[in-house]
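Protein chains in written order, with our numbering: chain A, 1 to 237; chain B, 1 to 896.
Hints are computed from structural coordinates only; laboratory data are not their basis.
Here a beta-carbon is modelled for each residue, glycine too, at the ideal position from N, C-alpha and C.
The reader is advised that the hints may include incorrect statements.
Computed footprint of chain B on chain A; a stretch qualifies when at least three of its residues, placed anywhere within it, have a C-beta under 8 angstroms from a C-beta of chain B [what the hints assert, rightly or not]:
1. 17-24
2. 40-49
3. 110-116
4. 201-213
Across the chosen pairs, the derived CB separations fall in these ranges [said to hold, decoys possible]:
5. B:HIS872 - A:THR155: 39 to 45 angstroms
6. B:LYS753 - A:TRP80: 18 to 24 angstroms
7. A:LEU119 - B:ALA808: 38 to 44 angstroms
8. B:PRO884 - A:ASN13: 49 to 55 angstroms
9. B:LYS706 - A:ALA120: 20 to 26 angstroms
10. A:THR155 - B:ARG106: 53 to 59 angstroms
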Amino acid sequence: MSLPARPTEIPRNVLIVEDEKEIRRFVRHALEGEGFRVYEAESLQRGLVEAGTRKPDLAILDLGLPDGNGVDFIHAVRAWTGMPIIVLSARIEEHDKVEALDAGADDYLAKPFGVAELLARVRSALRRIAQAGAAQNTTVSFGDVIVDLADRKVTRADQVVRLTQIEFRLLAALLSHPGKVLTHRHLLREVWGPAYVEHNHYLRIYMGHLRRKLESDPARPLHLITEIGIGYRYMPA
Amino acid sequence: MTEQETRPSPDELLEQMQLEAKAARRGKLKIFFGASPGVGKTYAMLSEARRLRVQGLDAMVGVVETHGRSETAVLIEGLDVLPRKTVEHRGRTLQEFDLDAALRRRPAVLLMDELAHANAPGCRHPKRWQDVEELLAFGIDVLTTVNVQHVESLNDIVGGITGIRVRETVPDRIFAEANEVVLVDLSPDDLLLRLREGKVYLPDQAERAIQNFFRKGNLIALRELALRLTADRVDDQMRAFRRTITETQVWKTGETLLACIGPSDVDEKVVRTAARLAAKLGGAWRAVYAETPDLQRLPEHRRSAILKTLKLAQDLGAETATLPARDAIETVLDYARRNNLGRIVVGRSTRAGTRWFMHRSFSQRLGMQTPDIDILTVARDENLARRAAAGTQFEIRSGWQPLRFVYAALASVGITAIATPLHHYLDLANIVMLFLLGVMLVAHRFGRGPAALAALLNVVAFDFFFVPPRLSFAVSDVQYLVMFAVMLIVGLVTGHLTAGLRYQARVAHSREVRARSLSDMAKALSSALVEQQVVEIAVKFVQSNFRVKAAVVLPDPSNKLQPSLTQGAATSLDTAIAQWCYDMNSPAGAGTDTLPASPQLYLPLKAPMRVRGVLVIDPDNPRQLLIPEQRRLLDTFTALVAIALERIHFVSVAQETLIKMESERLRGALLAALSHDLRTPLTALVGMAETLSLELAAAQSSHADKADVIREQALRTSRMVNNLLEMARLQSGEVKPHIDWQSLEEITGSAVKGLEPALGGHPLKVDLPADLPLVKCDAVLMERVLVNLLENATKYTPKGTPIGIRAAIADAMLRVEVWDDGPGLPPGRERAIFARFVRGEKESTVPGVGLGLAICDAIVKAHGGNIWAENHTPHGASFLFTLPLDEQPVVENEAG
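For reference, chain A alone in the conformation it holds in the complex:
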């Protein structure tokens, strides 16, 4: 997948906030190999300083920092910037991940992670920002599905797919953040309203409907991806 055709205008500054030198080193190496300019910070405080002065276009953030919780970093930074934040976390900290995503992080990577995966996530996050800046496209397509958000019309392999009101709202909520992990709470609040944030079974049922209507193999979905224990993610083709 190539980036939009204005390469010189694409922001390419990345901030890594991570206390482990070895991890910083290989992430930096991988990103610089792709042409990014990389700034490093080894603590939360340094991270905030770097974020404020370097104005990075994306941050990679370790949740377990020596001088504080990464979630605090997200809260602080979200006050003034919408830059994508990718969170690095160990599997054990399931709860922290959800908290970080609810606080405004865009994506997460479980340690240990591969270079290819990291780069894919970084690209996807930057692309989303670029698209948000561009004119809103009212038609989204993935696989053999075409969704017309304005006309509220969905077709799959040129056949019209009938979605209920809620199914459509849920689909639209997912499609509006391609590649981003949306937590259960976020989706429930957006689609059903604040009174429903604890009704996780609504999501299970309606996501099941959507997968059955739009995925070729609902048990192995390609676009409407489940992030177990966290939420869902729409993956563009």
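Assemble the complex: chain A is given as a structure, and chain B must be docked to it using the hints.
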């Protein structure tokens, strides 16, 4: 106790949760209420049960008396009937309701005919309504029938109307707390018609019944009572409903009642009247018995009658108290003022001037001292009072100690003997003094009765031996008669006063002994450091103070009383009664309502937080424990012991918690450090290796695949570390399943997606029915199970063979199967492979430490499911696990 033992397993937690959910719901009581037998209560109840049955509820007959009525018998057909228990009593075989069987069977609704029925001796409770209370407490709904004459507070009114007094009564409280009361009404004429037709009693009984109980006048009166009681109830409901909607409660304070029980209130009329008044006023009420030193001297059977009256008050809903008093009136008034009770109900004797001196009745004196409190007087039933008094005389005679009277007589003889030689030297007046001295000494030594006898004998002896003419009862001077009279009166009064003083001294002494033993015990208990000591102290003090054999039974952590933990000398204690006493937090055994036939008394050791054990008392003379001071003292003892036990419990809980917190903190810190310290270098290793392999590949180096191998191995090591850490966390109990509704499809999807790179050429077949229900589980843990099982399948089967997942519903469980087409499991090891660090083949070339299946096992079990493995023929194996299915969650309709 180590932490390992106290931590409940997931199964236990689950079970406990289910139990608590059940216990939280108290059963509902529905009463079919009628004015008299034969109006059709049982019929109505059975019809209701059939209706419930049609709705699919598990309605069952506990006890129904058909009395040979065919209409009723027909209705029972088709309903499950609980088998009765056979009780042998005095050579007769009685069929009684089997409470334990009912509790085991746990029907949704149980039919219990005739709530007022008295059980045969040997049953758990003396009364059926107590059985019903226990059923309700266990969450079983009960349908029952009651006649108006069985309602406790109406009992004497009905007795007055019909001339027939029934002994079997139901406390008003039960009636008031019933969730529903349905009045089954039949006009007197129709009832009489039914009677004549033989529908109520068999024909020969019927005629007798019509002449006695079923007189038309009776029936009308009873019907009015029943209707009125039901109407009152409806009225209360209306008021309660109003209160909930307006929230403005205008409670006139001072509307509450105090029933004052006196020594002659044996007919319980005061209590019943007070209960009725309190119910009308809708307020709470109390009943007290002010016990003066005079009253403490009452014979035991009268004191126990008073206690019974107090107990009745309690059953009728009163808060009761026995007040030790010097002046009864002052004490009662003080109690009333302190508790803001505006009305006092007292009994009034109809016999005036029963004493030989001017004596105002208690109610009159009470009235004179209280301008601010209303006094309501209730006439006493004189027949009953007289009968009680007759009992008193009998009691005194039976307690007669003839020796004391002999001594008194001997004292008179002695004084006469001493005075005879002296009568030449002494005036008659001084001889009288000698006699009076004798009376006083007798009174002091032997009490009132002997003193009276001595006084009388003295007068006779004085007259015969000293008053001229001597050795004759004739009197020379009339003024000697005055002397006799004065001598007799002075003798009697002196004797009375002296005996009174002596009695008071004894009471004071016993009070002091009681106070001292209490303070001694409190002191001893406060220095006890372990349960053992508390129990020893308790047993020692109870035994020495009450001259009984005592024992303390303590519960184990699962709230089962452990006879092995028994301390003390009680000979044969009944663990079942002790357990009941502990569970129900109410006394049982001798002298109580529950199993009164038992020779022992079981008292719960009730501390502020919960019951801490049971004190078992094996008295030589059970009646002794019924004496109020003894009971009060015993109650204080048990409270002290219970508090001491609770204190020790909390001390040990605090210590354990401290140790646990410390070790948990350590473990947590260790796990976090391990997880961080192992993962960080692995992350760097994986990243570096991948970068290297990409770069080497770009440079077309032949070493690219070696870098790739490094990466693969690092990833594998990382998975192993994950398994180890996961197992450690599961073992430590740190992982609390985050249970929510989950879709197996999603969990499978996520597991498969994460594993895709590791599948390594195994075609994966996923076969899930489209209509799988949601299942309650922790999605992250369940994904781990699937990942581990799939990983195993890829590791232990040849490349290229298919593996797959399928699911089905079997026996109300979701069954998930991960199958492969490999060589299968070593036969006989299907179970062993789930243990920790066990692998299918020893020393295999396949990497791993054998934790994957142990983790699956722990997770599935924590969800209340089961996991096992099966071999297929000719080859291939399956790993299966089940998860319990719950009722599906409610989803609001979208259109709505």
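| message | Taking the earlier hints as the rules, which of them does this structure contradict? | response | Hints 2 and 6 are the ones this structure does not satisfy, whereas the remaining hints hold.
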